[in-house]
Amino acid sequence: MAANLRLPYLATAALSGLLFGAGLYVSQMVDPLKVLRFLDFTAIPSGGWDPSLAFVIVPAIAVMFIAVRIGRRRQAPQFDPQFHEPEFHHIDAPLLVGAALFGVGWGMSGICPGPAIALIAFWPDNLLIFLVALFAGSYAGALVIPSGRDKRLALAR
Amino acid sequence: MDSFSPLPALIGGALIGLASAVLWLGNGRIAGISGIFGQLLPPARTVVWRLVFLAALVLGALGASWLIPGLGVGGAGGSPAQLASPPPGWNVPAPLWIAISGLLIGFGTKIGNGCTSGHGVCGIARLSKRSFVAVGVFFSVAILTVTLTGIV
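Note that the protein sequences, when read in sequence, are chains R and G. Just so you know, we're using numbering that gives the first Met the number 0 here: the first sequence kicks off at 0 and counts up by one. Just so you know, we're using numbering that gives the first Met the number 0 here: the second sequence kicks off at 0 and counts up by one.
Next comes chain R alone, as it looks inside the complex:
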């Protein structure tokens, strides 16, 4: 049986998902309006700016930074033969254009992909439209970037 179908592997994925979802609720990053209040830098002079998002991402990076250091001293993760470290290193046009388009979409709604999925728990109006569009956009993206991992690697390595 493939490593990624064994129970400990799937239990790890489940534990990670549970912690991630709990973190999004506790930090209130599930609230798109709160995220927008962070992105609204014009509110800084009036004191209406909400810096919460920065207080979320910094400890998240710090904890993950330690985990990456621990991982560097290991040959492999616990339940998989290898670390699936991204092999892209080159700053290419798809990275820049993709990040910019994501930025426009994120600024329009205050929803990034994690909260989009977590919001299924609280099901606001129009969420289904958002999720269908998210998947359609992702699928369209897969059609325009060079098909096949090898070609993508040749560009971005």
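The reader is advised that the hints may include incorrect statements.
Stated by the list, open to error - Examples of chain G residues toward chain R, derived with CB under 8 Å: (1) Pro7; (2) Ala18; (3) Val21; (4) Leu40; (5) Ala43; (6) Val51; (7) Trp89; (8) Asn90; (9) Ile97; (10) Cys114; (11) Val132; (12) Thr148.
If you're looking for bench data, these hints aren't it; they were derived computationally from the structure. Bear in mind that the values here come from a model prediction, so they are computed numbers and not experimental data. Note that the Cβ used here is the ideal one computed from N, Cα and C, for glycine as well.
Use these hints to put chain G onto chain R, whose structure you have.
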């Protein structure tokens, strides 16, 4: 500043970091949400763990809202979740605004290989040059978008 909540933000952020750490040290996978769902579509190869992770993500948010009610949005003690309305004066129907936002996010994160979690948390923690650039671009553009549309 009345909505600023440093303590829940710090605790929630640490939980998100822990989630990423568990997936990395356990399964060697990047907890990047756009990547996890983006590769559910054809030609998908590893579907099961992705579905398990995403279902658990929803349950995690739901469960936390039961355990710690009233933190804000969500759960029995919280206010109902709402998506943003289009900026006043733009005269765009809300479903259309939301659909365009979703399309841009899906498309952008696919060709840019990541979002706030994959680039923002995991990529920065790995000191990936691509992630530093991506984070700089999408935060700047998002801030600019909010400023120019006047959505808040």
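Non-conforming hints, listed in increasing numerical order: 5, 7, 8
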